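In order, the protein sequences belong to chains A and B.
Counting from 21, one number per residue, gives the positions in the first sequence under the working numbering.
Counting from -2, one number per residue, gives the positions in the second sequence under the working numbering.
Calculated directly from the structure, the hints in this document are not laboratory data.
No experiment lies behind these values; they were computed from the predicted model shown.
It is possible that some hints are incorrect.
As a list, the in silico DSBU-like pairs of lysine-lysine whose alpha-carbon atoms are at most 35 Å apart [what the hints assert, rightly or not]:
1) B:Lys271 - A:Lys213
2) A:Lys163 - B:Lys150
3) A:Lys256 - A:Lys202
4) B:Lys120 - A:Lys143
5) A:Lys39 - B:Lys173
6) A:Lys188 - B:Lys173
7) A:Lys131 - B:Lys150
8) B:Lys173 - A:Lys92
9) A:Lys97 - B:Lys78
10) B:Lys173 - A:Lys202
11) A:Lys92 - A:Lys143
12) B:Lys78 - A:Lys188
13) A:Lys92 - B:Lys78
14) A:Lys131 - B:Lys80
15) B:Lys173 - A:Lys219
16) A:Lys219 - A:Lys23
17) A:Lys97 - B:Lys150
18) B:Lys150 - A:Lys23
19) B:Lys80 - A:Lys39
20) A:Lys97 - B:Lys80
21) A:Lys39 - A:Lys143
22) B:Lys173 - A:Lys131
23) A:Lys88 - A:Lys256
24) A:Lys163 - B:Lys173
25) A:Lys188 - B:Lys150
26) A:Lys131 - B:Lys78
27) B:Lys80 - A:Lys92
28) A:Lys143 - B:Lys173
29) A:Lys88 - B:Lys78
30) A:Lys88 - B:Lys173
31) B:Lys173 - A:Lys97
The following label-pair restraints were derived from C-beta to C-beta distances [said to hold, decoys possible]:
32) B:Ser96 - A:Gly94: 54 to 60 Å
33) A:Phe137 - B:Lys173: 45 to 51 Å
34) A:Lys131 - B:Leu261: 51 to 57 Å
35) A:Val36 - B:Ile81: 27 to 33 Å
36) B:Leu282 - A:Asp200: 32 to 38 Å
37) A:Asn46 - B:Ile81: 51 to 57 Å
38) B:Ser96 - A:Glu38: 23 to 29 Å
39) A:Glu33 - B:Ile81: 22 to 28 Å
40) A:Phe137 - B:Ser96: 40 to 46 Å
Backbone N, C-alpha and C define an ideal beta-carbon position, used for all residues, glycine too.
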Amino acid sequence: MLKISRVRKVFNEGTVNEKIALREINLNVTPGEFITVIGSNGAGKSTLMNIISGGLIPDTGSVIIDGKNVTKLGEHKRASFVGRVFQDPMAGTAPNMTIEENLAIAYARGKRRTLSFGVNNRKRELFREQLRQLDQGLENRLKTKVGFLSGGQRQALSLLMATFTEPKILLLDEHTAALDPKRAQLIVDLTQKVVEQYKLTTIMVTHNMEQALNMGNRLLMLHDGGIILDIPQEKKQTMKPQDLLRAFEQARGGESFSEDRYLLS
Amino acid sequence: MNLALHGAIEQGLLFAIMALGVYLTFRILNFPDLTVDGSFALGGALAARLIIEGTNPFLATLMAFVAGGVAGIFTGVLHTKGKINGLLAGILTMIALYSINLRIMGKANLPLLREDTLYTFVKDLGVPNLAVGGVVFFTGVALVFLIGILLLKAIIDWFLQTDLGLDIRATGDNSKMIRSFGANTDTTTIIGLGLSNALVAVSGAWVAQYQGFADVGMGIGMIVIGLASVIVGEVLFGSSSIFRATLAVILGSVVYRLVIALALDAGLNPSDMKLITALIVIIALTVPAVAKSVWKRQPFRATKGGRGDA
Ligand SMILES: Nc1ncnc2c1ncn2[C@@H]1O[C@H](COP(=O)(O)OP(=O)(O)OP(=O)(O)O)[C@@H](O)[C@H]1O
Ligand SMILES: [Mg+2]
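Modelling step: build the complete structure from the supplied sequences, incorporating the hints.
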């Protein structure tokens, strides 16, 4: 479904600020796989997501989605394959537009935009049905501006917008990190639900080890621009956060994993 | 109502076409486009020249629409493809247009005396004045203008609800998001700028025909007048929806002209009007700043405060 070969990304190459964000990344994702990704700050997780979405173009290497080489395709040209939810609840929706208008934009993902009405009664019915599944009462607020929603509601809507057109790949970059625990859990549950429902091939970055172990069926750990751990489901489901830390130390030859942001609870 | 006020309403309705264009860039695209001064005069210059050469005034105004669109597209390409700062891109086009407009006109001022224009056409329609008890509220000409501008408003409202229109609005609202859904924001920006300046040029063409001449300086300060109309309209009439916002822009334009007419009536000089305009914008921007910040920021506050029921 997704094949990343020898991808390298360096920022500010040749200057004092040179930063190797990704070094020779290889990754093969099969259809229906749900990968969770962890790694310390600056490990290159977001860079990897951006390479897949087209927000960044790799310096070398290739990105192949569903058999199509998209390495050089810009973000908007890949949008028909890739659905995305950002960390910032503000980032995934247009605040001054209504819920139904936002959904209409998502509905048109990757399609040619025409001069037909963005929202019509047929779509409205579909949107209502989809919103009902969020269990947020949003199905009765189609004409509310998205800016008036809470962060959790916006993130739920973003998730819906990213998924209901069934993209080939779903990218989630710490999409619950900005929410309080209760809302975060709600989005986690929703994520499980929609990924299962549409059998979406998913890559989810998280800072929560528990989450990384409990969700999905494969776990990657990034460090300093490389994938240092790639744990399959059989092994992953037996692991605890402590095991993950130990695995990290082994992979790094003794270096301990010091990252306050990780929740070990 | 005296004659000056009737004129103010008529003018306000013509300048409203320009204000709607400014609304498209400043509010919808969130792009501070200064092309306006140039494209307004471009519309006036081109229409005047064509009419004098015997072109049908409808066709001449349509040509102004096209030329304005090209000017806006040029600014858009400078900004998106040439990576030039948006303000600067607009200024560059505006300055270039000054020379181009002079070329089109051949001299600084082109009178349209005794030519058949859209204005003479409208007057010849002979629509009666709207009078109650002998007091004229709306001239026949203003009524025709009003119908025209409401038609234009309906078209703009419709356009902004289409798939393409939604993309253009989202470009101004959250460009990162709309790219992730497959819209090319360079294209939407260019389309928006083209459309905006096409409207501005049509407004210039109308104004030239209405006042009976085109002048190379007729666009000077137009962007501020456009902004004044947009902001005054928003403050007085609200902008909760597209339907409401475009209506507010039109009314804002009329209110602006009425204020100017009253200022002149009170004995101020026409040369003071630029000062008055600047003052109107300053007042409209600062005095209701509180109200406006509530209107603008509320979405974020509602989120940050976490008062939602998620
Ligand atoms: N546009 C950029 N210009 C320069 N350096 C960048 C840019 N984007 C990322 N970097 C650098 O590349 C490295 C990887 O960044 P990235 O955002 O991928 O990390 P991350 O794993 O997502 O971290 P976090 O957990 O903080 O989100 C970091 O050192 C970062 O400073
Ligand atoms: Mg990141």
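Evaluated hints:
1. B:Lys271 - A:Lys213: Violated. B:Lys271 to A:Lys213 sits at ~61 Å, over the 35 Å cutoff.
2. A:Lys163 - B:Lys150: 21 Å, holds
3. A:Lys256 - A:Lys202: 25 Å, holds
4. B:Lys120 - A:Lys143: 46 Å, violated
5. A:Lys39 - B:Lys173: OK: A:Lys39 and B:Lys173 at ~24 Å, within 35 Å.
6. A:Lys188 - B:Lys173: 20 Å, holds
7. A:Lys131 - B:Lys150: 28 Å, holds
8. B:Lys173 - A:Lys92: 19 Å, holds
9. A:Lys97 - B:Lys78: 17 Å, holds
10. B:Lys173 - A:Lys202: 27 Å, holds
11. A:Lys92 - A:Lys143: 33 Å, holds
12. B:Lys78 - A:Lys188: At roughly 30 Å apart (the allowed maximum being 35 Å), A:Lys188 and B:Lys78 satisfy the hint.
13. A:Lys92 - B:Lys78: Holds, at roughly 18 Å.
14. A:Lys131 - B:Lys80: Holds. A:Lys131 to B:Lys80 sits at ~27 Å (cutoff 35 Å).
15. B:Lys173 - A:Lys219: 26 Å, holds
16. A:Lys219 - A:Lys23: 18 Å, holds
17. A:Lys97 - B:Lys150: 33 Å, holds
18. B:Lys150 - A:Lys23: 50 Å, violated
19. B:Lys80 - A:Lys39: Given pair B:Lys80, A:Lys39 holds - Cα atoms ~25 Å apart, limit 35 Å.
20. A:Lys97 - B:Lys80: Holds - the C-alpha atoms of B:Lys80 and A:Lys97 are around 20 Å apart, at most 35 Å.
21. A:Lys39 - A:Lys143: Violated, at about 46 Å.
22. B:Lys173 - A:Lys131: Measuring from Cα to Cα gives roughly 18 Å; hence the hint holds.
23. A:Lys88 - A:Lys256: 30 Å, holds
24. A:Lys163 - B:Lys173: Given pair A:Lys163, B:Lys173 holds - Cα atoms ~22 Å apart, limit 35 Å.
25. A:Lys188 - B:Lys150: The given pair, whose Cα atoms are some 40 Å apart, is violated under the 35 Å limit.
26. A:Lys131 - B:Lys78: 23 Å, holds
27. B:Lys80 - A:Lys92: 20 Å, holds
28. A:Lys143 - B:Lys173: 24 Å, holds
29. A:Lys88 - B:Lys78: 27 Å, holds
30. A:Lys88 - B:Lys173: 24 Å, holds
31. B:Lys173 - A:Lys97: 14 Å, holds
32. B:Ser96 - A:Gly94: 54 to 60 Å: 36 Å, violated
33. A:Phe137 - B:Lys173: 45 to 51 Å: 25 Å, violated
34. A:Lys131 - B:Leu261: 51 to 57 Å: Given about 53 Å between the Cβ atoms, the range holds.
35. A:Val36 - B:Ile81: 27 to 33 Å: Holds, since A:Val36 and B:Ile81 (Cβ atoms, about 28 Å apart) stay within the stated range.
36. B:Leu282 - A:Asp200: 32 to 38 Å: At roughly 36 Å between Cβ atoms, A:Asp200 and B:Leu282 fall inside 32 to 38 Å, so the hint holds.
37. A:Asn46 - B:Ile81: 51 to 57 Å: 40 Å, violated
38. B:Ser96 - A:Glu38: 23 to 29 Å: 46 Å, violated
39. A:Glu33 - B:Ile81: 22 to 28 Å: Given a distance of about 25 Å, which is inside 22 to 28 Å, the answer is holds.
40. A:Phe137 - B:Ser96: 40 to 46 Å: 42 Å, holds
Hints 1, 4, 18, 21, 25, 32, 33, 37, 38 from the list above are not met by this structure, while the remaining hints are.
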